[in-house]
Amino acid sequence: MSANGVGDYRPWHGERRAPLAACGAIMRTSLRQLFRRKVYWIVLAIGLGQYLVYASVIYGLTQMQMPERSKNMLLQSFNFSPNADDPQETGYLQFVEAQSLVVMILLALCGSQMIGSDFRDGVLPFYLSRRIERRHYVLGKILAIIVVVWLLTVVPAFALFIEFGLFTTSLDYWWENWKIVPALLGYGLVLGGVTAVWLAAISAYLQRLAPIAVTWASLFLLTGRLALALRDATGDRRWLLLDPWRDLRLAGRLFYGVFPTADDRQLPLQAAALLAVVTAIAFAALMRRVRAVEVVS
Amino acid sequence: MSTTNTEIALTFDGVTRFYGPVIGLGDVTLRFGPGVTGLLGTNGAGKSTLLKLASGRLRPTQGCVRIGDFDATSLAAKRLLGYCPEINKFYEEMTGREFVRTMTRLYGYSWSETRQRTEAALDRVGMLDRADRALGGYSHGMRQRIKLAQAVAHEPRVLLLDEPLTGIDPAGRREVNQLIRDLADEGRTVVVSSHLLVELEQSADHLVMLQRGRVQAEGTLAELRRRLDDQPLTIRIESPQARRLAAICVAGPEVAQVDVRGDAVTIRTTDAPQFFVALNELIAAHSQETEPLVVERMETLDAGAEAVFDYLQRGAT
Chain A
8 MSANGVGDYR
18 PWHGERRAPL
28 AACGAIMRTS
38 LRQLFRRKVY
48 WIVLAIGLGQ
58 YLVYASVIYG
68 LTQMQMPERS
78 KNMLLQSFNF
88 SPNADDPQET
98 GYLQFVEAQS
108 LVVMILLALC
118 GSQMIGSDFR
128 DGVLPFYLSR
138 RIERRHYVLG
148 KILAIIVVVW
158 LLTVVPAFAL
168 FIEFGLFTTS
178 LDYWWENWKI
188 VPALLGYGLV
198 LGGVTAVWLA
208 AISAYLQRLA
218 PIAVTWASLF
228 LLTGRLALAL
238 RDATGDRRWL
248 LLDPWRDLRL
258 AGRLFYGVFP
268 TADDRQLPLQ
278 AAALLAVVTA
288 IAFAALMRRV
298 RAVEVVS
Chain B
-14 MSTTNTEIAL
-4 TFDGVTRFYG
6 PVIGLGDVTL
16 RFGPGVTGLL
26 GTNGAGKSTL
36 LKLASGRLRP
46 TQGCVRIGDF
56 DATSLAAKRL
66 LGYCPEINKF
76 YEEMTGREFV
86 RTMTRLYGYS
96 WSETRQRTEA
106 ALDRVGMLDR
116 ADRALGGYSH
126 GMRQRIKLAQ
136 AVAHEPRVLL
146 LDEPLTGIDP
156 AGRREVNQLI
166 RDLADEGRTV
176 VVSSHLLVEL
186 EQSADHLVML
196 QRGRVQAEGT
206 LAELRRRLDD
216 QPLTIRIESP
226 QARRLAAICV
236 AGPEVAQVDV
246 RGDAVTIRTT
256 DAPQFFVALN
266 ELIAAHSQET
276 EPLVVERMET
286 LDAGAEAVFD
296 YLQRGAT
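Just so you know, the protein sequences line up as chains A and B, in that order.
The numbering of the first sequence is our numbering, which starts it at 8 and goes up by one.
The numbering of the second sequence is our numbering, which starts it at -14 and goes up by one.
Derived by calculation from the structure, the hints in this document are not laboratory data.
Treat the hints loosely; a few may be bogus.
[As the list claims (entries may be wrong)] A few chain B positions that, by computed beta-carbon distances, are all more than 10 Å from chain A:
1. Arg42
2. Gly53
3. Leu60
4. Leu66
5. Pro70
6. Glu78
7. Met88
8. Glu98
9. Asp154
10. Val183
11. Ile222
12. Val245
13. Arg246
14. Ala263
15. Gln273
[As the list claims (entries may be wrong)] Label pairs and their in silico Cβ distance ranges:
16. A:Arg215 <-> B:Thr1: 30 to 38 Å
17. A:Pro218 <-> B:Ser97: 40 to 48 Å
18. B:Ser97 <-> A:Leu27: 32 to 40 Å
19. B:Thr1 <-> A:Arg23: 42 to 50 Å
20. B:Gly152 <-> A:Arg295: 30 to 38 Å
21. A:Arg244 <-> B:Tyr4: 46 to 54 Å
22. B:Arg100 <-> A:Arg295: 33 to 41 Å
23. B:Asp12 <-> A:Arg298: 49 to 57 Å
24. B:Glu78 <-> A:Gly56: 23 to 31 Å
25. B:Tyr4 <-> A:Ser107: 13 to 21 Å
26. B:Gly152 <-> A:Met294: 30 to 38 Å
27. B:Gly29 <-> A:Arg298: 44 to 52 Å
28. B:Thr14 <-> A:Ala299: 26 to 34 Å
[Stated by the list, open to error] Looking from chain A toward chain B, a few residues come up when the C-beta cut is under 10 Å (computed):
29. Ala29
30. Ala32
31. Gln40
32. Val46
33. Arg76
34. Lys78
35. Arg127
36. Gly129
37. Leu135
38. Arg253
39. Ala279
The structure presented is a predicted model; accordingly, all values stated were derived computationally and were not measured.
We put the beta carbon where it would ideally sit given N, CA and C, even for glycine.
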């Protein structure tokens, strides 16, 4: 322990960043922790495999000479259209939605590592004794999950959008289809925000990998099956609102204005409202859990 | 604690904290000033509650806790506070340097300032050369040092250390004690909790003893001991005339028990101040004899914090 040199303290008169900036530090720490494990890289790589397929399709459409019929077949097989004015303009959206399964798997795995471990190992006092409040901690964690979701969905979708523009002869593609950008951002915000709050709440209570994964999978698989069964039994489509993935897609597509079927046009607002209510409850439960740990531990 | 208001860094004013129907801390009024204050108590005595209130992680049910001029739960107060929790776990794959840097960053410093403060804090706790190892590979002592580093990196005015000496070997304990002492000597208010009381005996300027959520006693070790003069005190005297000394002492009304072993006589007294006066008079009276009484060494065996605490605890139960 040195008495002099760097061990000496000195006054500092610099401007401190707002506590909100600490959310960024918490987010980065969470992401660093997550990606120290190889398994997350593997899942991420699998998820981005789909990106390579779509990137290849775009390359093929723009760079290779092929008959119109073959082009149409290729577009149909991937349900891909890069244009905003196309009534079937679901190319990038299709990509994001095709990532659902791998996003779900990655989130099921990372909940324990990013949030569960904080509660399990009791590390919250380290965070909460800093110059931050509980909401900053929670926001930092939620941001970290949103980044994970976006790494698999919105970011590669934007990469595809940029790729298509670069490969076409004119850069006007980006200007003509600018609506795709806010639509993707809006979709990503709904997808990332809702799943992040839900996962954070589940992870804060269950903490360990197995229970989190089982609950997460049940939430998205079993409720989906249940929704279909109830719809079939009663003939009422509103039962489909029980399916969270479907709700996420419908609410996200509000930004796009395009829905898979005509029937789906009736439900997006209800789906958005339902998601908002459940997310608010999950957020309140999460905040309560953070506070409870402080009191009980 | 301190004597002037300007020095008081941490204040508890009539603080009560309930956990449902259970009282965690009851009507506690304390002033903590510069120096090391030892917070003593058994499990459930209220040490952790007091530290949580001081660190702003709990709000009092009644009363108020202030750091400097700020409410302890405010962000301004947290800026003045360094906290070293009892828990030893963090992200085990993270290196010590990353850990301190992450924690320091949460105080709102720029990247470069965070880096400089991290290095300074690591150097200060003697971990600069081991900071790139993963936390999972650290010993108890190294973890305590790293925890201290993250607590002091932002130059806090008040430092709360929850059981910082737990699990450290004696050599490491001496070093950490010295570090705590150094931090206090810079004018910081250092509050150290422990249930191993002997750990605080060397470093603490003041002691606060908690029992069942209430302050049972506070003051320096000597002050606390003086309050317990009616308690038995065991004194060991080494003398070449141990048997003769024992025979003379046993006649004193304040002596409860005498035991002679070799050149040492162990005396248990019920009135220590009176016994010391009587002993001095005896030695003076026998100094003119052909074989005067010689006292080579004298020590009190149970005047340490442990004994004081035992006495206080017995009094409370």
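So, going through the hints one by one against the coordinates:
no.	hint	in the structure
1	Arg42	violated, 5 Å
2	Gly53	holds, 14 Å
3	Leu60	violated, 5 Å
4	Leu66	violated, 7 Å
5	Pro70	violated, 4 Å
6	Glu78	violated, 5 Å
7	Met88	violated, 6 Å
8	Glu98	violated, 6 Å
9	Asp154	holds, 17 Å
10	Val183	holds, 23 Å
11	Ile222	holds, 40 Å
12	Val245	holds, 46 Å
13	Arg246	holds, 42 Å
14	Ala263	holds, 47 Å
15	Gln273	holds, 53 Å
16	A:Arg215 <-> B:Thr1: 30 to 38 Å	holds, 36 Å
17	A:Pro218 <-> B:Ser97: 40 to 48 Å	holds, 43 Å
18	B:Ser97 <-> A:Leu27: 32 to 40 Å	violated, 20 Å
19	B:Thr1 <-> A:Arg23: 42 to 50 Å	violated, 33 Å
20	B:Gly152 <-> A:Arg295: 30 to 38 Å	holds, 33 Å
21	A:Arg244 <-> B:Tyr4: 46 to 54 Å	holds, 49 Å
22	B:Arg100 <-> A:Arg295: 33 to 41 Å	holds, 36 Å
23	B:Asp12 <-> A:Arg298: 49 to 57 Å	violated, 24 Å
24	B:Glu78 <-> A:Gly56: 23 to 31 Å	holds, 27 Å
25	B:Tyr4 <-> A:Ser107: 13 to 21 Å	violated, 43 Å
26	B:Gly152 <-> A:Met294: 30 to 38 Å	holds, 33 Å
27	B:Gly29 <-> A:Arg298: 44 to 52 Å	violated, 22 Å
28	B:Thr14 <-> A:Ala299: 26 to 34 Å	holds, 28 Å
29	Ala29	holds, 5 Å
30	Ala32	holds, 4 Å
31	Gln40	holds, 5 Å
32	Val46	violated, 13 Å
33	Arg76	violated, 54 Å
34	Lys78	violated, 49 Å
35	Arg127	holds, 9 Å
36	Gly129	holds, 5 Å
37	Leu135	holds, 5 Å
38	Arg253	violated, 36 Å
39	Ala279	violated, 35 Å
Of the numbered hints given earlier, the model fails hints 1, 3, 4, 5, 6, 7, 8, 18, 19, 23, 25, 27, 32, 33, 34, 38, 39; all others are met.
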